[in-house]
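Engineer: Below, each chain spelled out in residue letters.
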Amino acid sequence: MEIPYTVKPRPDTGLYNAKLGIWLFLASEVMLFGGLFSAYILLRVSSDLWPHGMVSIPVGTFNTFVLIASSVTVVMSWASLKLGKLSAFKGYMAATIVCALGFLGVKSFEYYAKFTHYDVWFKDEATAKKYFTAAYGEKGEEATRKLFVERFHLHNTKATYDANQIQLTGHLFGNPMFATLKKLTSAKQETIQFTPDAPFGTHDHPKAIEVKLSDVQRLSAYVPAHSTYFAIYFTITALHGLHVLGGAIVLAYFLFTADHWWKKSPEQMANRVEVGGLFWHFVDLVWIFLFPIIYLL
Amino acid sequence: MSHDHSHSHGPGEACDHGHDDHNSPEYIHKTIRKYLKVGGILFAGTILTVAMYYVHIPSVAATIAIALLIATVKAAFVAGVFMHLSDERKMIYSILLCTVCFLISLMGLTLWAMNDFPFFTLVDGKPF
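Quick note, the sequences are listed as chains G and D, same order.
Counted from 1, the first sequence has number 227 at position 227 by my numbering; the numbering is strictly sequential.
Just add 1000 to wherever you are in the second sequence, counting from 1, and you've got my numbering.
Honestly, the hints are just simulated from the structure, not real lab data.
Some hints could be false.
To be verified - With a straight-line Cα cutoff of 20 Å, these simulated PhoX-like cross-link-like pairs (lysine-lysine) come out:
no.	chain 1	residue 1	chain 2	residue 2
1	G	Lys182	G	Lys212
2	D	Lys1030	G	Lys85
3	G	Lys263	G	Lys90
4	G	Lys85	D	Lys1034
5	D	Lys1090	G	Lys8
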């Protein structure tokens, strides 16, 4: 049986069926991401403290460029098909997939950096001060506070100087991912080697200090469970990342079956590529909003 | 071929475009130039957004408004040119009109809920 209206437009809609289908799907995708964006707004506006500068702007900008470039190449691959140039199509489509994989690679690197970066909260103020001094010397508390306030500087009107709220940030020895206080203590570990972050405005990492786990109230990597900020950050960016992955798989399928489809039905193939491209542009469109919201604001 | 609209247009529907055919090489070459221009605009828009971050505007509201305005303009170019929305069938516009209505309602519901705190979470009438 032949699927109807893969090439010719249906008289009542004026569209070939796949195009109507993808637009209905994209409409539902708008609602999916819209729900998450509205959740982000609600969480952020309702919170007293919202971290800022936790993600690298140059890295995010680079990824934005990569995604824009892939949007150009995917539309060029479609135009190449329309001009009857199969090899140009293949080249542009391969470039699109390379961009997609590049985007995901950079994103994985960003995620890894977060999963191995830790915050440590101490049991009481005196203990906290002891460790701040051990980490940053005599002016330890001031240095830690500066780091803490810098994190919230866009909205720091309510950032307090309560030592109990201030945590030491840094890396654990061996760079483990996803370590928690529970995991460490159940592994019969009593202390951790902790390398605190460089003081605000410098790149001089203090020497590693030894932290007794009995002094620690909470220890968390930058994972969704760390805070509301990371919960919504990972939810939105991971969902977007899955869309990039899904799109890359579909586009790679178009590339690898190109010869077959080109012989079978070039017009239908062009339409399939157009529809795949529409999804790809949507993924780019979501990122256009995500980038300023997550990285800049 | 200039009167054959069967590929992009439904029969019985008037052609509302100034050009002859969406499949002619001339038309495709014209759109390719447009795609490259839009690519350039998107790159420039990204640089502008990042530059605005380093400029540091004192008003938080203005910062957010400017960033979202640039993003909206970029999104309009992607949707309008790359996704061919500037020149589409009526059916797609009606689907998108519904989507816009639903999206606005969704955002409206969020705004509505914004200051709606359960009473037991309030201290002196303010959330803590």
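Engineer: If a hint holds in the structure, say so; if it doesn't, say that too.
Structural biologist: Against the structure, the hints come out as follows:
1. Lys182/G with Lys212/G: holds, 14 Å
2. Lys1030/D with Lys85/G: Cα-Cα ~16 Å, so holds.
3. Lys263/G with Lys90/G: holds, 15 Å
4. Lys85/G with Lys1034/D: Answer holds: lysine 85/G to lysine 1034/D is near 19 Å, not above 20 Å.
5. Lys1090/D with Lys8/G: Satisfied, since the Cα-Cα distance of roughly 17 Å is no more than 20 Å.
Violated hints are absent here; each numbered hint is respected by the structure.
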